[in-house]
Amino acid sequence: MDGMRSVVGGTGRPMERTAGGKAGIGGVAGAAVPMSGRDPGKGHGGRWGRPAGSAFLVATLRSWLQSWKPFLSILVISMLGVAVLTGIYAGCRDTFLAADRFFDAQGLHDVQVLSTMGLDDDDVEALKQVPGVRAVQADRSQSVLVEVDGKQRSAVIREIGTQGIDRPSLQSGSMPAKAGEVAVTERFLKDSGLRIGDEIDVTADDGTDDAETRDGTADGTESVGGGTEAAPSFPTHLRITGVVLDPSDLTNPNGYSRSSFRSSASDDYVLFAPSDGVIGDVYTSVSLLVDGAEALESFSQDYNDLTSSVAKRIESQVQSTREQARLDSLKADAQEALDDARKDTDTQFDQAAQALADQQAQLDDQRAQLDAQLTQLGLAEANAPPQLQAAIQQLETAQTKLDDASEDLAAKRKDAAGEFAKQQQEIDDLATPRWYVQTRSAIGGFSSLKSDISSIESLGKAFPVLFLIVAVMMSLTTMSRLVEEDRGLVGTYLGLGYGRVTIALRYVLFALLGCLIGGGLGLLVGFLGIPAFLLVVIKGLYVIPDLRFEYDWLVGSLGVLLFVGGVVGATLVAVVRELRQMPASLMRPKSPKPGARILLEHVRPLWKRMTFLNKVTARNIFRFKSRLIMTVGGVAGCTALIVCGLAINDTVAVLGEQQFGQINQYDMMAVSNDGDAKTMRERIVSDGQTTAIMDVRVENGELTNASGHGESIQLVVVPERQLGELDEMLRVEAPRSEGLIGWAASLFGSGRQDKTIALDDSGIIVAQSAAKTLGIDSGDRVSLKADGFVPATTQVHAVMRNLLGSQVYISEDLYRQLFPDSSSGDADADTSAITWNAVYAKLKGDSTHQRHYVAQLEEDGTVMTAVSCAQQMEDFKFDLMGAVVALIVTLAGALALVVLFTLAHTNVSERIREMATLKVLGFYDREVHRYIDREMMVMTLMGTVIGLPLGRWLASLLTGVLNMPSMYFEVTVSPWSYVAAAVATLAFAVLVQLFVNPVLDRIDPVSSLKSVE
Amino acid sequence: MAYIAFEDVVKEYPSGSTSIRALDGADFKAGEGELSVILGQSGAGKTTALNILGGMDTATSGHVVVGGRDITHLDRHDLITYRRNDIGFVFQFYNLIPNLTALENVELASQICADHFDPAETLRKVGLGDRLGNFPAQLSGGEQQRVSIARAVAKKPKLLLCDEPTGALDYETGREVLQLLQDICRDEGMTVLIVTHNAALAPMAHKVIRFRSGRVGSQDINPNPTPIADIEW
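Protein sequences appear in the order of chains R and W. Numbering of the first sequence is given in UniProt numbering, commencing with residue 1 and proceeding in unit increments. Numbering of the second sequence is given in UniProt numbering, commencing with residue 1 and proceeding in unit increments.
Same shape as in the complex, but just chain R (with noise of 0.2 Å):
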């Protein structure tokens, strides 16, 4: 033993080269010869062999100090993927915590009912009792009419809770104490110009508009009139005394996106009064807490699940008692006011019958004295003396008076008769109330919340998988040419005795140190570098306070895991393959690759025009089949996350211009209250800047699919004698195939005719961007629900191509058939019918005289919302999916660049004596370069063509991820994202080139005397 160590130990390892510079040669193949046949596993304390000694160790971290570079490109790439793998999650997941936060500390409800017919203290405390619920609080509100910069726009005021759901967050200011106080939110400060300490004054709001359900739900008791119960009324002049932040809506009202598509015009504005002053004992709404909500985060499946549950619960087990026991309450009361009043009525008509009888009876008396002197006198009538006559006269006046009398309170007692039957008519008809259980989810500014930061919490995790596959596969190139470069020191150590798992261990540590490192570095980029950059964006679309940074154990960790997992198994493939010879035959040079023939050689034609460098490089390229694979796909991956980045951003950039510009047809659309509806489409027309109108009615509804997913929608009804026109409003055809085929076809395809749909009375018309969200297709059967209506269930005529909104368009007819209207009564239904409140129009002139006119109708009273297609075209952004796009493309150029250096340093060092012997035989630095550089270049280019198409076919699979409600990603690359994800990756290529030429330079052409390694 220790006469092979010293023949062994002599030979050192060849590199690790000394002044002289030939000390070492002929050495490694006169040390072999003694090895050769043993087995060291043998005979050497089993497997682990040799206790691993200092000196082994001083040699391993000096091997370490000298691979710097593949220790670099582990710990970039460890670095890389984990940060991209825990970024996106940590910046939504520190959004949703914040939410989280402020929403249990205001406490935003988990479950609130609404009802048609608003709610009283019996159905509160019916609520109280349900399993589940924590607790529970009766609100007030009302839907009021307040001026706001010159225009009547509608709001609510609503009561600050008493027992502490939905508080809204203070912000400056003091909130409002005592009647005639509010606090408004900062929106309404900015949209009204007003300050702390102005007054406004509100007007009730008849509620007859088209607003939401649960603000004018309270109004239908009203109508069935002399009840004991009074609708919520409020304070009408109200000083501002706060500004407060209302936990249902976080969108920031100074934030540059708000004018997106997101946030409708239309929105209410909410006052906050305190309960002092209101007067009115039926609940607008009753939120409830759940008992355990408040632990678990508001956006997880968990309390998603739970807040369902106690919402089920609700909806099976008070609900329908509770309705039906309200709408008895209320006929109760009805009805008692009614028997009262006809009461009242008939006893005041008794009375009026008894004064008549009596002056009829005093007007007998009097006839019949008359009469009792006549025949005392002996008279007839006729003759009778002129002082009776008169008498008569005077009787018979009064006769008739009383005559008419009675005839004209038999009238009234008719008329009364008639009203109270009809009033009990409408008792009798009063419809069953009906609740509405809600979650969160119903919240528009919580559910906005939700889509838009899942949808980008779903690409981060997407992405993250592209980068552990590249990362593995570079790990993998690296440390099997680690080792390979050891091969001989590996043979010596294996002839020594060293143990097989101490060996592998030098590597294995090696790999797992630069991928904590790297890791580590991540998890510093990850969970504070792109949350920072994406909070700055998510800060400019919602108010959230106390937003921050936390770290998340587990994600974290585990991120890591993945990555040491991944590098670690590809070191170890690389060892053992390694491990796995002889000794002696590790010690030998490895037979270099041999040389043979391509393909391309027998292709004899092209083959010989083809200089000589070109074969070279031509045969280089298919010789290194693992190189060229690793290199090819790590190019290809990367090149593909670009054009998969730049792809969304171009998806999401022609969204607008697609929606506005192309689908819309029209120039302008406008709303105004119901009551106002005449007015403005007369001021439209006298203004005449339109050459084309289209009466709709625009409402708000819902549309729930067959498993019972529902989604609020915009629902449009089309007048019938106009339903010809719509597809001169619209671009009303089917949506275009998606998938590759979809892109082949619309490369060819651009005088494609598509189908035009039109619509009747079969069924609906529903907008490709909420069939998505629901999964319908056209004949499936789904339920719509109009507002204030009862769901009914109707067919899916088509699906239209529609990229934003969630329009739902259904004919006259149909919709009529489906809501009838009941309270207007039969007889009258057609002339009661629909109030066209809302009109699509074409204007006159350019888009800038169109947004100007447009802007100048909105100032007009009558006109609730006007909007312009032309400015929302330019209006439309989503910043927050740019953000992250350019985040995304941003790490994959980091990702190729370190590929694409790895691949070139492993090519170089795997080819050191190549290059030497090439600058021996007289290759200038140059030509030297170009012939490594040559096969980078080709392999490059290569992994860039398969790149572009592979991106384009992962942006599909992406934006299917990106399943947002009401958005469609119809997947548009331009050519210009192509050309430049292949600039990029060619510049990085050229880029490492200059990092790598020097190295080229610097090698010796001594070395290429060395003997073989």
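Just so you know, the hints here were simulated from the structure itself, not pulled from any lab data. Just so it is clear, the structure is predicted and the values come from calculations on it, not from any experiment. Just to be clear, a hint being listed does not mean it is correct.
What the hints assert, rightly or not - Covered by chain W, according to a simulated footprint, are these stretches of chain R (three or more residues, beta-carbon under 8 Å):
id: 1; region: 609 to 617
id: 2; region: 922 to 928
Claimed, not checked - Result set (EDC-like, lysine to aspartate or glutamate): computed pairs, CA atoms no more than 20 Å apart in a straight line:
id: 3; chain 1: R; residue 1: K877; chain 2: R; residue 2: D452
id: 4; chain 1: R; residue 1: K608; chain 2: W; residue 2: D118
id: 5; chain 1: R; residue 1: K331; chain 2: R; residue 2: D191
id: 6; chain 1: R; residue 1: K615; chain 2: W; residue 2: D118
id: 7; chain 1: W; residue 1: K156; chain 2: W; residue 2: D115
id: 8; chain 1: R; residue 1: K842; chain 2: R; residue 2: E725
Heads up, the beta-carbon is just placed ideally off N, CA and C, and yes, glycines get one too.
We have chain R already, so just place chain W on it with the hints.
Chain W alone, transformed into the frame defined by chain R:
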């Protein structure tokens, strides 16, 4: 001026604070069209001399003349040009490009020289006329070294430098390779310099230069070189 002259050449390698002198005033000459052998033990400085002659290294001081041209102070680019046009190099381990056939390996060298021999013809001359299309892995060691020699010769160099050309070959094959070098020197009139530690090769050379501790110990001229076939060792 001699065709090849090494005049008082010093080569120092910095080593920490001190420096190591690999060549310490080495001095020798070699004539045009002659075959010279440099002999010496490991560390005697013969490899350093070879590197300097081959244009892979420069002398610290002194003068180096090859083909009547002073190459002592050439810059990096000129050194490469010098290697490209004036030097043919035969390696101990052949250093063939594994991915190129025998013919292509020769072409690799000839295509960068304006004035060169026909690669296929050169290979035929070294006896590999029927192995043109073979890759190095398909050739024996001796055959590979012949390709290496053909590659060096095809450039029509002023000086053919051979570094232990038989070091990796067995006895018989080594003799054949040396015979080939001797033939080339004689038939083509090429100046050949062989660096070796095998003193038995001395009789085949016109001139034998012995290195010792960075200096030239002795220079012996051999008016009648012995054909390699007559040398045994």
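Results for each hint:
With 3 residues having a beta carbon nearer than 8 Å to a beta carbon of chain W, the region 609 to 617 of chain R meets the requirement of three or more and the stated coverage holds. Evaluation of the coverage hint for the region 922 to 928 of chain R: fulfilled, as 5 residues show C-beta separations to chain W shorter than 8 Å, against a requirement of three. With a CA separation close to 13 Å, the supplied pair K877(R) and D452(R) stays within the 20 Å bound. Of the supplied pair hints, the one linking K608(R) and D118(W) holds, its CA atoms being roughly 18 Å apart against a limit of 20 Å.
Distance hint between K331(R) and D191(R) is unfulfilled; the C-alpha atoms sit about 44 Å from each other, more than 20 Å. Taking the CA atoms of K615(R) and D118(W), the gap is about 19 Å. The hint holds against a cut of 20 Å. For the hint linking K156(W) to D115(W), the alpha-carbon distance of about 7 Å falls within 20 Å, and the restraint holds. Taking the CA atoms of K842(R) and E725(R), the gap is about 12 Å. The hint holds against a cut of 20 Å.
Of the numbered hints listed earlier, the single one contradicted by the structure is hint 5.
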